[in-house]
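Enquirer: Please put together the full structure from these sequences, using the hints given.
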Amino acid sequence: MKAGMLTSAAAHSALIAFGAFTITAPSALEVADVEALPIEIVTQADVTRIIKGEKDASIADRPAPKPTLRPQIEEPAQFIGEADKDISDEPVKETAPAPVKSAEESAPQPAKEAAPVSTPKLAAEPEAPVQVATLPAEDEQPASEAEPAEEAFKLPERVPVPKSKPTPPKPQIARTNERKISEKPPAKQVVESKKEQKNTKDQIEALLNKQKPKGGGAKQQKRVAALGGTKTNTNAKLSQSELDALRGQIQKCFSVSGGMADAEDLRVKVEFRLDESGALEGRPTVSAQGGNKVARRALAGSAKRAVLRCAPYKLPIEKYADWAEVEVNFSLQDML
Amino acid sequence: MMKMMRLSVALFAGLMITFSAHARVVIDITKGNVEPLPIAVTKFVGQGNEAKIAADIAAVVEADLKRSGLFAPIAQAAFIEKISNPDNVPRFADWKVINAQALVTGRVRRETDGRLRTEFRLWDVFGSEQITGQQYFTNSQNWRRVAHIIADAIYEQLTGEKGYFDTRIVFVAESGPKSKRVKKLALMDQDGANLRYLTNGSDLVLTPRFSPNRQEITYMSFAGGLPRVYLLQLETGQREIVGNFPNMTFSPRFSPDGQRVIMSLQKDGNANIYTMDLRSRVTTRLTNTAAIDTSPSYSPNGAQIVFESDRGGRQQLYVMNADGTNQRRISFGTGSYSTPVWSPRGDLIAFTKRSGGQFLIGVMKTDGSRERILTEGYHNEGPTWAPNGRTLMFFRETPGATGGPKLFTIDLTGYNEQPVQVSSFASDPAWSPPLD
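Listed in order, the protein sequences are those of chains A and B.
According to my numbering, the first sequence is numbered sequentially starting from 189.
According to my numbering, the second sequence is numbered sequentially starting from 51.
Hints were generated in silico from the structure; no laboratory data involved.
No experiment lies behind these values; they were computed from the predicted model shown.
Beta carbons are placed, not taken as given, at the ideal position from N, Cα and C, and that holds for glycine.
Take the hints with a grain of salt, since some may be wrong.
[Claimed, not checked] No more than 20 Å apart at the CA atoms, straight line, and that leaves these computed lysine-lysine pairs for PhoX-like: (1) K457(A) with K81(B); (2) K146(B) with K93(B); (3) K481(A) with K212(B); (4) K425(A) with K507(A).
[Stated by the list, open to error] Away from chain A, derived, C-beta distances all over 12 Å, residues of chain B: (5) V75; (6) S178; (7) P306.
Expert: Given below as structure tokens:
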């Protein structure tokens with residue numbers, strides 16, 4: 189017995205001693221040193237106060253991309269304002285051949301004829317622009333000289349025109365602007381652009397003021413209300429749950445007979461004002477449309493009774509300004 | 051200066067209007083509460099001999115409204131105000147307290163010429179205004195009809211649909227043991243009152259149907275041994291056979307204009323559908339199949355006919371044009387379909403369906419879609435529409451030696467099943483059009 193006790197005590201002591209030296213405490217969880225997340229508490233009302241847009245909002249203007257595509261019309265006026273280059277006929281020569289060539293090529297003529305014969309034609313063509321330049325005069329416009337000068341001017345001024353310098357703008361200025369309006373051939377503009385240089389700064393500014401709206405680039409966008417859904421809680425400051433509660437209060441009192449005939453397009457609108465206690469102020473205004481006369485009258489009666497019977501309404505007093513006026517649209521859409 | 055002032059005032063007013071418009075709460079309610087409308091029907095005021103009739107009229111009005119399932123009359127004991135003069139505006143607050151949404155008051159007086167003058171007013175309690183008010187002159191014997199007419203007016207004002215209380219039912223009254231039933235044609239008001247028998251029960255009668263515009267019925271009778279279709283004038287009792295056919299004719303029904311009778315004519319084990327013009331007596335065959343085509347029923351505009359046929363091996367519903375063209379099957383559910391009846395509204399077809407060992411009453415759209423079962427049980431059959439297309443009547447037979455058929459009404463929505471109080475067993479009901 190004693191020996192057993194001793195053996196047991198020794199064995200337990202050895203075990204405890206072994207454990208004390210070998211089994212260590214579990215390592216602590218490492219916590220990363222992270223900054224606390226900033227959390228902002230918002231109310232349900234704030235979340236549900238979503239701008240759904242207005243049901244009757246006009247369709248928002250889309251940016252007008254067309255004007256920016258206009259460059260494809262033609263690009264001959266690149267050298268407007270640069271007198272040296274303008275004087276030379278080179279650009280005219282360059283631009284004119286292209287269309288003519290293509291026209292010739294499309295003709296069902298054999299290739300060998302086209303090659304030699306077409307080139308002289310091309311040479312002859314460049315003269316055409318000169319004739320075109322005189323066309324305005326044939327239009328019997330009085331002051332045929334003065335007007336082209338103005339039109340030619342418009343083109344350069346389109347860019348951030350230097351106020352101080354009367355120097356004509358650089359090549360990129362002319363681009364597509366106004367050309368559509370003037371319909372003048374590039375050659376003419378080139379010729380008349382020489383006169384610009386004589387104009388004073390004041391004249392340029394005066395012309396600037398007359399200038400028509402920009403033709404290129406996207407239109408200036410305005411913030412317009414988006415088209416909304418059918419749930420018209422636009423601008424309502426009441427939260428969705430508060431609106432649902434009001435709907436529930438009225439619906440509870442809206443007694444109708446299911447399966448009514450000709451009820452598909454029946455609509456009854458009841459408008460009323462509430463005082464701060466939620467009670468009705470005055471009598472509700474009822475208007476009905478759709479269905480037959482009897483059904484219309486009956487549903488209008490039911491709707492009015494519902495509104496009268498369930499008043500006063502329980503609504504948050506602090507938002508009285510938002511529910512002082514109520515419009516309820518009754519229908520049986522979900523009962524058909 | 052003044053102009054500027056005016057302009058600024060106008061601008062300010064415009065701004066305020068815009069502001070107030072923005073503050074409006076707009077909500078949509080697209081369904082309502084289908085619970086019965088609480089209504090208070092007060093005892094009509096009457097002096098002397100008219101007091102009882104006045105009370106009876108109010109009671110019939112109340113019973114009609116209650117039976118429709120759309121109204122919940124409030125017990126007289128709950129009334130706070132006692133109406134002594136129906137010409138005075140009632141104290142609406144007293145009626146609001148007991149939650150009456152509508153209030154009916156009335157009076158019965160005897161005119162100097164002996165006629166009964168019955169007035170009633172229907173009030174909107176919460177709107178605090180009169181909805182309608184009418185008066186009727188009639189003989190004392192017609193007081194029940196006056197009550198039904200008043201109930202119709204109230205029903206129409208509050209539900210938006212025509213009432214059906216001033217109507218009658220023709221049916222087959224059955225008596226005696228099941229093995230040897232005596233079947234008589236019977237006529238009663240839709241509430242079971244004013245019952246009278248049209249035949250003496252010596253011959254078996256089946257499927258009576260009302261004319262849409264005359265006091266006349268058509269039915270099938272075994273008088274003379276051979277089943278034949280008959281016409282019966284209700285006022286004179288005059289009876290005649292429709293057509294002179296060598297074989298049996300059955301399941302007759304009038305066309306919507308009352309000018310024709312459509313029915314089945316049996317030949318060589320098959321039955322086809324025929325119409326007969328009641329004036330010229332010209333008969334036209336509409337179907338021609340080696341099957342049993344029967345139970346034809348016109349659409350309200352008379353352009354189409356629904357009927358049952360087993361041409362596909364099993365009884366199913368078919369629709370065809372009134373001239374017999376464009377025959378097409380419309381029922382495709384499990385089981386078999388029979389006794390189709392086109393709704394007076396034109397939008398639904400009621401039928402009997404046999405499925406799973408039971409007989410069900412249901413409705414479907416006229417193209418066979420949206421089938422709905424309204425009631426089911428051991429044996430339900432023979433639906434007939436109330437003239438407003440809102441309520442159906444049918445008969446339900448109970449099993450066993452003591453069992454028999456009884457009449458029931460049910461709302462189109464499947465709610466409000468009500469027994470019709472008839473002293474005997476009753477089957478094959480047919481609803482009359484509104485009485486003129």
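Enquirer: Please check whether the beta-carbon of S178(B) is more than 12 Å away from every beta-carbon in chain A.
Expert: At roughly 8 Å from the nearest Cβ of chain A, S178(B) sits no farther out than 12 Å, so the non-interface label is violated.
Enquirer: Check the hint pairing K146(B) with K93(B) against an upper bound of 20 Å on the C-alpha distance.
Expert: This hinted pair holds, its Cα atoms lying about 18 Å apart.
Enquirer: Quick check for students: does the CB of V75(B) sit more than 12 Å from each CB in chain A?
Expert: 5 Å, violated
Enquirer: Would you check the hint for K425(A) and K507(A), treating anything up to 20 Å between C-alpha atoms as holding?
Expert: 7 Å, holds
Enquirer: Between K481(A) and K212(B), is the straight-line Cα distance small enough, at 20 Å or below?
Expert: 12 Å, holds
Enquirer: Would you say P306(B) is clear of chain A, with no C-beta pair closer than or equal to 12 Å?
Expert: At roughly 17 Å from the nearest Cβ of chain A, P306(B) sits farther out than 12 Å, so the non-interface label holds.
Enquirer: Holds or violated: are the alpha carbons of K457(A) and K81(B) at most 20 Å from each other?
Expert: This hinted pair holds, its Cα atoms lying about 14 Å apart.
Taken one by one, the earlier hints fail for this structure at numbers 5, 6, listed in ascending order.
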